[in-house]
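Student: Here are the chains, one letter per residue:
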Amino acid sequence: MNFINFLDKIADGELLNIKANRKESFGHMKNIGKQAALASIPFAFAATSNKTKAATMSSAFASAMASPIEILNFALTLEYLEKEFYQIGMDTNGLITGDDRDVFGLILKHEDEHVKFLLTALGENAIEKPQFDFTAGGAFNTFGDYQTFLLLSQGFEDTGVRAYKGQAGALIDNNALLEYALQIHSIEARHASKVRRMRMEKGWITGNGDESSPIAAVYAGEANTIQGGVDLNAALPQYSNSSITEAFDEPLTMDEVNAIAGLFIV
Amino acid sequence: MKKPVIKVEVNRGNENASSRRSFLKLGGLAVVGSSLMLYSCQPEEDEIFSLDAKAKGVNNKKVFNLGKGDRAILNYAYILEQLEAAFYSNVVNGNSLSFDSMDGDYEIFYDIYQHELIHRDFFELVLDSLFGPGQVAPNLEFDFSSVNFQDRDTVLTFSQILEDTGVQAYNGAGKLLSNATYLLLAGKIVSVEARHASAIRDLIGETTGDTDNFADEDITVDLALGNQVFPEAFDDAVAPGDILERVAGTGFLKTRIIANNVPTE
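For the record, the sequence lines run as chains A and B. Quick note: the first sequence uses my numbering, first residue 11, plus one each step. Quick note: the second sequence uses my numbering, first residue 32, plus one each step.
Honestly, the hints are just simulated from the structure, not real lab data. There's no promise every hint is true.
[As the list claims (entries may be wrong)] With a cut-off of at most 30 Å between alpha-carbon atoms, the simulated BS3-like pairs for lysine-lysine come out as follows:
no. : chain 1 : residue 1 : chain 2 : residue 2
1   : B       : Lys219    : A       : Lys126
2   : A       : Lys212    : B       : Lys93
3   : B       : Lys285    : B       : Lys219
4   : B       : Lys99     : B       : Lys285
5   : A       : Lys119    : B       : Lys93
6   : B       : Lys93     : B       : Lys285
7   : A       : Lys119    : A       : Lys139
8   : B       : Lys99     : B       : Lys219
9   : A       : Lys139    : A       : Lys126
Please take these sequences and the hints and turn them into a complete structure.
Tutor: Rendered as structure tokens:
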């Protein structure tokens, strides 16, 4: 199958709007499998000259690949995790009180809709909900200590932001899915900012965060200052390193996210 | 090849009234509404505007054409970042804010101010390295005389609009980029804008008692798949033409922006 034709076939509308078409498209995608996406993105501008999606995609063949189904299931896993985490939190007597119930009630509602949305998008290709252990084998007193709950909430939200960001490039030739993913991505960032502020932290991530924190792994690589091949510390010396790192959120790869989420999956 | 364009015209000095009504002119921008969006089959057509009479006295710093393709989207982002940076430059004065601040205000506004300046300067660096003279947006002229920077509620309200608009703009621009490196860079910035929006909205929520303001239903939208609706759990994604109309509506931007060839799909 001609690859460009394939891309045309999964363009807007055809992919997700009609159930029959959706199944058919995903069937095609299964066959195309890992050829259909790119997971890692080069930082330098040099290699990416004059756009054309064909050129972009050809570089994808050399990289680790994730198909749209794999990406949606990856997102679904994270949304399952967040939804169940907040559901148990809200259902645990005395854990979340006062105005904070409004906050986590709203976040729970969002995560619940994200799960339903992804389940519908995936149809029969959706994975089952994993079994979660939010204590990570007893390491966290997650639902017995509110500060621990808040800490993990922050970790899950910031991981979610990094996870969606890491897959955007793989969806570059699927306008509908890319836009949906972006519309979830920024909501997760709103959540993250709110929960961080509830913990008396800044809403944005400075450097690699607190490297002695139990959730330090979530922030590995956030101290990056090289954007688009330019070291902003050197190019824009009038700004502090802290501000430069705060001004850009960094992606995580699928493997890096799975390693974090895996701590909470039985 | 189908090549959609947003038709934008520059206001002409000696145009008659009826043709002047044919385009929407707000503030320093002249933008034809999305209802008049044109679809052209000439991919090489770069501009469908002309400058004359009145416009002859206008130098290049007063009129800028965003261009086409990824360059148009990057210029568009650069313009939005210039707007944000200019706005917060009026809010943060050295070690104080333009209004009587409450506890915690300064740290938040100072940080956001720095982030927006960095975004602006970053886009300038990137665009200058990629494109030649005349292809990169100039330093734009702004007029914030309609904003009372001494009033906290006013500043918070405009900040919220700017940050929410930034989120919606990047979300809407993502699919218009064809270069994955640029898409990732936009992704790195949009979540920071969303963090800003959440924090600013939280400050407003603290004064109004709206605990959920950080992601309330006044900003979230539904998504639909077929006949199934997933309500109020997503940020919006808004096309450049619509965002530019909103920006024009503020009257803040004095430089005219030509957006006739910005990608729409």
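Student: Work down the list of hints and note, for each, if the structure agrees.
Tutor: Do the hints match the structure? See the list:
1. B:Lys219 / A:Lys126: 26 Å, holds
2. A:Lys212 / B:Lys93: 38 Å, violated
3. B:Lys285 / B:Lys219: 29 Å, holds
4. B:Lys99 / B:Lys285: 22 Å, holds
5. A:Lys119 / B:Lys93: 47 Å, violated
6. B:Lys93 / B:Lys285: 7 Å, holds
7. A:Lys119 / A:Lys139: Measuring from Cα to Cα gives roughly 17 Å; hence the hint holds.
8. B:Lys99 / B:Lys219: The hint holds at about 23 Å.
9. A:Lys139 / A:Lys126: 12 Å, holds
Checked against the numbered hints given earlier, this structure breaks hints 2, 5; the rest are met.
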